[in-house]
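Student: Below are the chains, spelled out letter by letter.
Number of protein chains: 2
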Amino acid sequence: MHASSAPVQTIRIDLGDRSYPILIGSGLLSDAQSWAGLPRAATAVVVSNVTVAPLYMGIVCKALGAHYGRVLEVVLPDGEAHKDWHSLNTVFDHLLDQACDRRTVLFALGGGVIGDLTGFAAACYMRGVPFVQVPTTLLAQVDSSVGGKTAINHPLGKNMIGAFYQPQRVLCDLDVLATLPDREYSAGLAEVIKYGPIADEAFLSWIESSLDALLARDVVALTHAVRRSCEIKAWVVGQDERESGLRAILNFGHTFGHAIEAGLGYGEWLHGEAVGCGMVMAAELSHRLGLMPSSFVPRLRSLIERAGLPVTAPDLGVDRYLELMRVDKKAEDGAIRFVVIEALGRAGMRAADDDLVSEVIQAHVG
Amino acid sequence: MHASSAPVQTIRIDLGDRSYPILIGSGLLSDAQSWAGLPRAATAVVVSNVTVAPLYMGIVCKALGAHYGRVLEVVLPDGEAHKDWHSLNTVFDHLLDQACDRRTVLFALGGGVIGDLTGFAAACYMRGVPFVQVPTTLLAQVDSSVGGKTAINHPLGKNMIGAFYQPQRVLCDLDVLATLPDREYSAGLAEVIKYGPIADEAFLSWIESSLDALLARDVVALTHAVRRSCEIKAWVVGQDERESGLRAILNFGHTFGHAIEAGLGYGEWLHGEAVGCGMVMAAELSHRLGLMPSSFVPRLRSLIERAGLPVTAPDLGVDRYLELMRVDKKAEDGAIRFVVIEALGRAGMRAADDDLVSEVIQAHVG
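If you read the sequences in order, they're chains R and D.
Using my numbering, the letters of the first sequence correspond one by one to residues 1 to 366.
Using my numbering, the letters of the second sequence correspond one by one to residues 1001 to 1366.
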């Protein structure tokens, strides 16, 4: 399959001695070449979940067998609700039971939950072992697997416990997207859409005109969507690895989105669904702050709706929304700060007072 | 008290943008000057334990009140047995309950357990908040608080889950050592002694001739011991922050020591006691590998014994020792590697076969 496809595309994340490539293409999982040149070790450990493992664990372990003397598997339950200390400890238990040393390489085979959790396990195990991201969802390919943010959830907040810890490589095999359920696929499109308003007006227009092809999972359209998303993310992360400034723009829609996820209980809405709806609310906020014309809100809402995502927020009550957003990591000294669109293709951060935020929430709950 | 004492001594840990000072002196805890110039934040959180908090929490919180609008306290149970996920999560629960944002500064007020755990909490909370080490034991002042190694224990191994994460500052107030129980104090002397054979023959001789003064907690002797220990540690860490090579020499005696601690159950022997006994065994191994004359073993054993430390290892059985040492972080591809003394003041790493290690163990268990 690989030979007959487009050549593998490589995007480099430029972070000095922590730099690494993102490989994008077809047939990467089964191609021994994809796995060459990683840190040498006696043991590779592939972490996946009960949904992804039956589809791809065998292929990946076979390919890794060419490079590692021992390839171990850890299979976790599926879903955001399991991105917790308990699952993390399951990984540690396996690693220690099997006497894995600190050269052991971990492989995260799955979506954002597996990637974030495995990355955090790699960051902490013996104070850090190498790891590789092998994202199997669109969302993970265009967003969560790139940039070194790792974390688990805490009952009081999403991604509250984690580390900035860069992978050795990200391997985006576009073929795996064929088996993705529609709902997961749409959730990934939310993060693709995000890159338009925050960084690239032309990309936003391209997504609008290519959405039917993307929904049909056309490989040419997908290649461009994944590549351009990763390029933008690489550019942002390369300038601000630890989110002291610019990188926060990648959280457009995420402050409202996290509140939706936490308020409903993790796993009720998919992360991408919450972010999609959150972007509509953040667009509304950008407008009410006088930054964007009113037409921006229906334009973005329409695109998100066409992508198969919810655009009406759950009615948690305004006070609950505010309470949930105040523990957001972007909050500082008690003020809630939001990523807003200042112009198409340019984002910034703004604090907004509770009254204005309440109006935005009330305008979008259903 | 401060005004009448020797001037504060400052040693710098040189790690580029992660550099920081170690302050050593008397009366530092109550001196507002000690706490000036740290990262600005609305909230400071002091983490301590039930033994140390009644002695020093009030003084520290009062001094911090001059710099932070809100000073919170987290008091954990005392002891190595509590350096675990449960205590770590207690810290996270407090931070989230109190809506602490990612500018919050953590202060580790206690010995090695509090320092390692609080440092790891700081490394993980919202992917990293600043923290300050305020070591209250001799062991923490000369070793664990300096250099950025943070961790918690796992039931299957000590310090298995952690991060390299540097503090903003280390504050060694020598006055607090006056309240340290003799057993804790001796445990700290084990790490002071360590710096002689691995890095400084003259320091080893100085410790031998000054041990009575050190045991009497003479401030002049203590100042030199803490200062020289921190200088050596700073020199080693500055060259090898993440223990890819040289830094491993700081673990002289620790491979045997960790096995003693884990085999007996954490907390049965103090870390410094296990390291003291472990150094005698590592000295024996250095001799049996042909690196050191036989006289080195009784010389080191005698000093460690004079310091009030055990020099006979618990009889866990040879196989159990080997099993416990194989999960040591220094193990690679199954071979156990040891820090050995190559000449007085110079250490290196050697793999040793099981037969030789078994002989060493049998020669030192009682």
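There could be a bad hint or two in this list.
Said to hold, decoys possible - Simulated restraints, written as ranges between beta carbons of each label pair:
id, chain 1, residue 1, chain 2, residue 2, range
1, D, 1054, R, 181, 41 to 47 Å
2, R, 36, D, 1039, 39 to 45 Å
3, D, 1366, R, 98, 32 to 38 Å
4, D, 1246, R, 66, 30 to 36 Å
5, D, 1079, R, 10, 23 to 29 Å
6, R, 36, D, 1349, 27 to 33 Å
7, D, 1366, R, 16, 35 to 41 Å
8, R, 208, D, 1010, 58 to 64 Å
9, D, 1349, R, 18, 23 to 29 Å
10, R, 18, D, 1156, 26 to 32 Å
11, D, 1366, R, 66, 49 to 55 Å
12, D, 1086, R, 201, 57 to 63 Å
Claimed, not checked - Sample of chain R residues facing chain D (criterion: CB under 10 Å; computed from the structure):
id, residue
13, 125
14, 206
15, 242
16, 290
17, 349
18, 350
Claimed, not checked - Some chain D residues near chain R, calculated using beta-carbon distances under 10 Å:
id, residue
19, 1012
20, 1059
21, 1063
22, 1121
23, 1123
24, 1128
25, 1160
26, 1162
27, 1164
28, 1240
29, 1242
30, 1245
For the record, the hints were derived by calculation from the structure and aren't laboratory data.
The structure presented is a predicted model; accordingly, all values stated were derived computationally and were not measured.
Beta carbons: idealized from backbone N, C-alpha and C, even for Gly.
Student: Compare the structure with each hint and give your call.
Tutor: Verification of the supplied hints:
| no. | hint | in the structure |
| --- | --- | --- |
| 1 | D/1054 to R/181: 41 to 47 Å | violated (57 Å) |
| 2 | R/36 to D/1039: 39 to 45 Å | holds (43 Å) |
| 3 | D/1366 to R/98: 32 to 38 Å | holds (33 Å) |
| 4 | D/1246 to R/66: 30 to 36 Å | holds (34 Å) |
| 5 | D/1079 to R/10: 23 to 29 Å | violated (51 Å) |
| 6 | R/36 to D/1349: 27 to 33 Å | holds (29 Å) |
| 7 | D/1366 to R/16: 35 to 41 Å | violated (52 Å) |
| 8 | R/208 to D/1010: 58 to 64 Å | holds (60 Å) |
| 9 | D/1349 to R/18: 23 to 29 Å | holds (26 Å) |
| 10 | R/18 to D/1156: 26 to 32 Å | holds (29 Å) |
| 11 | D/1366 to R/66: 49 to 55 Å | holds (50 Å) |
| 12 | D/1086 to R/201: 57 to 63 Å | violated (50 Å) |
| 13 | 125 | holds (7 Å) |
| 14 | 206 | violated (32 Å) |
| 15 | 242 | holds (7 Å) |
| 16 | 290 | violated (27 Å) |
| 17 | 349 | violated (14 Å) |
| 18 | 350 | violated (17 Å) |
| 19 | 1012 | violated (23 Å) |
| 20 | 1059 | violated (26 Å) |
| 21 | 1063 | violated (22 Å) |
| 22 | 1121 | holds (9 Å) |
| 23 | 1123 | holds (7 Å) |
| 24 | 1128 | holds (7 Å) |
| 25 | 1160 | holds (6 Å) |
| 26 | 1162 | holds (5 Å) |
| 27 | 1164 | holds (6 Å) |
| 28 | 1240 | violated (13 Å) |
| 29 | 1242 | holds (7 Å) |
| 30 | 1245 | violated (13 Å) |
When each numbered hint is compared with the structure, violations occur for hints 1, 5, 7, 12, 14, 16, 17, 18, 19, 20, 21, 28, 30.
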